[in-house]
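Trainee: Please work from the sequences and hints to get the whole structure.
2 protein chains.
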Amino acid sequence: MCLHMLTIYLGHMKLYSLAAALANITVTNHEVTYDPDTSWLKFHLGINRYALYSRDDPTVLQLIKDMQSMTVISAVVKPSGHHLKLALKMRNLAKAMFKPMRQQRDEETPEDVFYFVDLQRHNAEIAAFHLDRILDFRRVPPVVGRLVNITSEVLKVTQNEDLRAVFFTSPANNTCFFAKCLYVCKTEYAACGSPDLLEGSLSAYLPGLSIAPRISIPSPWIRSYTFTGREEWEVNPFYCDTIKQQYPYNSGNRLLNIIDMSIFDFLIGNMDRHHYEIFTKFGDEGFLLHLDNARGFGKHAKDEMSILSPLSQCCMIKQSTLLRLQLLAQSEFRLSDVMRESLQEDSLRPILTEPHLLALDRRLHKVLRVVHQYLPKESTERICK
Amino acid sequence: MCLHMLTIYLGHMKLYSLAAALANITVTNHEVTYDPDTSWLKFHLGINRYALYSRDDPTVLQLIKDMQSMTVISAVVKPSGHHLKLALKMRNLAKAMFKPMRQQRDEETPEDVFYFVDLQRHNAEIAAFHLDRILDFRRVPPVVGRLVNITSEVLKVTQNEDLRAVFFTSPANNTCFFAKCLYVCKTEYAACGSPDLLEGSLSAYLPGLSIAPRISIPSPWIRSYTFTGREEWEVNPFYCDTIKQQYPYNSGNRLLNIIDMSIFDFLIGNMDRHHYEIFTKFGDEGFLLHLDNARGFGKHAKDEMSILSPLSQCCMIKQSTLLRLQLLAQSEFRLSDVMRESLQEDSLRPILTEPHLLALDRRLHKVLRVVHQYLPKESTERICK
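Respectively, the protein sequence lines represent chains H and E.
Just so you know, we're using my numbering here: the first sequence kicks off at 8 and counts up by one.
Just so you know, we're using my numbering here: the second sequence kicks off at 8 and counts up by one.
I should point out that these hints are in silico values taken from the structure, not numbers from a laboratory.
C-beta atoms are modelled at their ideal positions from N, C-alpha and C, and glycine is treated no differently.
There's no promise every hint is true.
Unchecked claim - With beta-carbon atoms standing in for the labels, derived distance ranges:
| no. | chain 1 | residue 1 | chain 2 | residue 2 | range |
| --- | --- | --- | --- | --- | --- |
| 1 | E | Pro-357 | H | Arg-98 | 53 to 61 Å |
| 2 | E | Pro-357 | H | Ile-224 | 37 to 45 Å |
| 3 | E | Lys-309 | H | Gly-215 | 47 to 55 Å |
| 4 | E | Glu-114 | H | Arg-98 | 38 to 46 Å |
Mentor: Spelled out as C-alpha cells, the structure:
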C-alpha cells in the first residue's frame, strides 16, 4: 500500500526521485502506521505548479478540521532565535507548526521596534492564510487557530528531552515554555498557558524537503537588516529596469509573482519578506510560497508604501490579480467583509480587530491607486513603460 | 593638593593602602582636574562603618543637585546581560550610573515573569534611595531622576566606539540604545528617547574598588535561580538556627543587618537580593550596602512574605529599626505620606503611583505583625527563642 500510494504521489507531483521518496517512507514506516486517505497526504498530492491547492478542494477543509481536532503524538521544539515554535506530529504523518499567542489582539507593534525584531503573531499567521485564499493565490499552507493544553496535549505525550528542558512553571503557576536556547535561555520570551491552555496557530507542513525540495531565494527587494543600511531599490527609482534584465526575472512570470507577493505583504503590513521559496521541481514557472506571515498585522494605522515597491517600480501586474483586487474593492465583495466572514470560521475568532480589517480596505484602494497611476487602462500583464 | 586630599581621605576612611590609592589618583590626574571640594569626594569621605552618609549631611543634597545638573563629559556602556546601564562621567571625578526608563509608572511585572528576568525600573532605583533614607538606614548611594538628551548629552560628548555601536535610530526616528552585545544584539531590549530625551535614574558611584575594596557575599537567604529549585531556607523552618552558628552570623550585628535588608526588600518587593556587599576595611561590623534596587516596585498588589524569612525565621530585629518602623506606622508619620513628600523632591515626579505608595503602609504593618507574633514585647536586639 505504501508503494502504491507513493507511486501515485510520485506520478502526481513529479517532484522527486523514487529512491529519495522510498528512503523517506521506509524510515517513517518503522515508526508510524498511516492511512493513505489522510488529509495531509491528499493536500501534498494536490500541490501543483500553480498553487498549493485548488479553488474548491475539499481536502483543505478536511485538513483544517483535522488540525483543529487531531491528537498530538509528539512535539519538537524548533530552534529559532527567540521565536517560539513547536513542530507537532499527529497520526498518519500529519504534522503542523504551532506558534503560540505572544500578544493580545489589540496590542500593536511599538513604534520603535524594527520589522526584524517584531514578535510573531499567531493571529497574523491565521489571517494571512485566509487573505491569501480570498485573493485566490493559494500560496499559504492551511493555518488554523487552536486552543492547546500544553501540558496534557504536548508535554505529557512526548519523551523528547529537548522539549522537557524548555518547559517550566511560572511564578503564577502557569505552564510555560521558551525558545530552544541558542546562547542563554530567555524565560522573558516565554509563552505561558492559563494555567495550561494556550492558543496558537497551526500551519500544515509541506512535504518533506527530501520528497519535494524547495529553495529559498533572496527577494530582489530585500531590506537592509541593519539599523542604517539602505538597499539599492530604496534609492534607485530605476532599480526594476536592472532586475528585469536578470535571470530569472527576465522571462516568464517570476517578476509578476514577486509583485503578487508584494501586494499580499502590503495588505498584511509585512516588511520581513527577505526570502521567498519555490518548489525546485516545478522549475522557474512554479508559484512562490508565501510562508511565515506572523509579522503581519502589527500596525493597523500604518500603510508601509515601500512594501509595494515591486509594483510601483516595475509597473506591471497579473490580469487575474488585478481583476480579483477590483472585485474585492466593490461594496458587494468588500475585502474586509469577506475576510471577517472567512475568519469567523476559525475557532479562535475574532482573529483580527476591526481596525485591522478596515485597514485591508484602505490598503487595497492604495494598491489600486498605484496600479492606475502607473498602468494605462488597457495594460495588464505587461510592462507599462 | 592631591596628596593632601588623599591623606585626609585615607585618614578618614581607613579603607585602603596608600600605594593603591596613589596609583589610582595618578592615573586619573592625567586626564582630569578636580576640585577637592566636590560633592563626590565629600560623599566618599563621609562614608563610615555605620552608613554611607550621616543623617543631616549637606553633602548628599549637593550631590543630588550635582547629579541633576552636571554636564556629562563621557559615557561608557556597561555590559550587563540585557540590562541597559551607562556609566556617566562628569567633571571633578564625578561619576554616576544611568539606568533608562523601561516601562511606564503604571505598568506592573507580568505574573508569569520570574524575579530574575524582570526589567529594571529606574523609578524603583530612585524610590529605594528615598525609602532607605526614611528608614534611617542610609545604605543606598544617592539616586536622582534626570531627563537626559541621549544624543547631545551622551552620544556627542563621547568618542567611545563601544558606545556608538549600541546607538541607533528607530523606525519612528527616535534615538535608542541597547545593551552591549554579549552574544547577539537585541534591539528589542532597546531604550528609546522621544526623540532624544529619555528619563532615567542616576546613582552616585562609590569610591573605586582599588581605593575602597568591597566584597560581594551570597545572601544566606539566596533564592534558587532555576525554575524548580528550592533552597534550604524555603523548606527548613529551623534554617536560621544553623545560620546563627556560622561565621560571620554567629556574632556581632551581621545577622541583624541581614534582617534590616530583608525588611527593606520586603517593603520594596525585591526578590532579587542574591548577594550583598560590604566595604572590606570596616571589617565584620561594617554596614551592608543596599545596591541595585531596580527590581523593586514591580507588583503593588503582591506582598511576597518569603522576603521576610530572615526576620520570621530568626525572630530578631534591631531596636533602632523597630522603633523607626513603629514611628512610620503612626498616622502623623505614615510611611506613604513621608515617601510621597520625599519623592516630590525628584524632578521626575511622580516616582511611584499611589497603589505602590499605599502598599508600603500595608507591608509595614505586615512587618510589625511578624515582629509582634514572634517577639515578646520586651525583646528587641536579641534572639527571642
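Trainee: Output the numbers, in ascending order, of every earlier hint that fails for this structure.
Mentor: Number 2 only.
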